[in-house]
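Novice: Input sequences plus hints: build the corresponding full structure.
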Amino acid sequence: MDRLYIVIPAYNEEANIEAVIKEWYPIVERIGNDSRLVIIDDGSKDNTYPILQKFSGQMEQLVGITKPNGGHGATILYGYNYAIEAGADYIFQTDSDGQTLPEEFWDFWEIRNSYDMVIGNRDGRKDGASRVLVTKVLKLVLYLCFHVKVTDANTPFRLMKASTLRKYIDLIPKDYNLSNVMVSVIYAKKKLAVKYIPITFRQRQGGVNSINMKKIFGIGIQAIKDFRRMNQSVM
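Quick note on the working numbering: the sequence shown kicks off at 49 and runs consecutively.
Heads up, some of the hints might be wrong.
Said to hold, decoys possible - Straight-line distance between alpha carbons at most 27 Å, and here's what the computed DSSO-like set of lysine-lysine pairs gives: (1) Lys115 <-> Lys184; (2) Lys243 <-> Lys215; (3) Lys243 <-> Lys93; (4) Lys184 <-> Lys222; (5) Lys237 <-> Lys187; (6) Lys243 <-> Lys222; (7) Lys215 <-> Lys239; (8) Lys184 <-> Lys237; (9) Lys238 <-> Lys222; (10) Lys215 <-> Lys197.
To be verified - For each label pair, taking beta carbons as the anchor points, the in silico distance ranges come out as: (11) Asn279 <-> Asn81: 36 to 42 Å; (12) Lys215 <-> Lys187: 20 to 26 Å; (13) Cys193 <-> Asn81: 18 to 24 Å; (14) Asp82 <-> Glu152: 33 to 39 Å; (15) Leu192 <-> Arg250: 26 to 32 Å; (16) Gln106 <-> Asn81: 17 to 23 Å; (17) Gly105 <-> Glu151: 26 to 32 Å; (18) Asn161 <-> Asp218: 23 to 29 Å; (19) Pro150 <-> Met49: 44 to 50 Å; (20) Ile132 <-> Met49: 15 to 21 Å; (21) Gln101 <-> Asn169: 31 to 37 Å; (22) Leu188 <-> Pro221: 19 to 25 Å.
Quick caveat, the hints were computed from the structure, so don't treat them as lab data.
All values derive from a computational prediction rather than experimental measurement.
Ideal Cβ positions, reconstructed from N, Cα and C, are used throughout, including at glycine.
Specialist: Structure (structure tokens):
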């Protein structure tokens, strides 16, 4: 039987974290087989981790972890490595802002054996025109830098075979900010079996987004430099 680890990074999400736990925990309960919901607090300055600790004491399949702040991408990689080392068969990643719907997970789970990664396509996303533009620009940049067509490289709604991810995860620096983007690029470059499925992508359900357009611009400039440097390593 397949063992699922759901990996969710969290930073200053005290307004959302309880709802996120209650929405996603039933999935690992239903799958069983020592599956886990793993939420990693990335050095939050609010009550995210105390809330996480409280629920971890009540839910045996919930793992709450805290670590020094390292950024969203580095926290995702931390979670992936944790899940791989813990013996996960499948790893699912989503975010802690409530923009994705747990009920859409099951369409992914049903076809898990046929693909190395099943990933959401945020067509018609509801979080603003600026984010839609960023996704389109990223798609173009990835094509220019890596010569691959990736539908939605940074989607925080992806189900991966842990055995496949284990083979390639060390190609990504542990402190890399766009780790999910690089996972998508590597899978495309290696011509692995990837399936995109349209998903609902709502507005943030609470709290404050820690990424603004100024930060996005800065991340983008650094990303182009990193993409050029990393192109050879993912050949």
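Novice: Any hints this thing doesn't respect? Which numbers, in order?
Specialist: Those not satisfied are hints 1, 3, 13, 14, 19.
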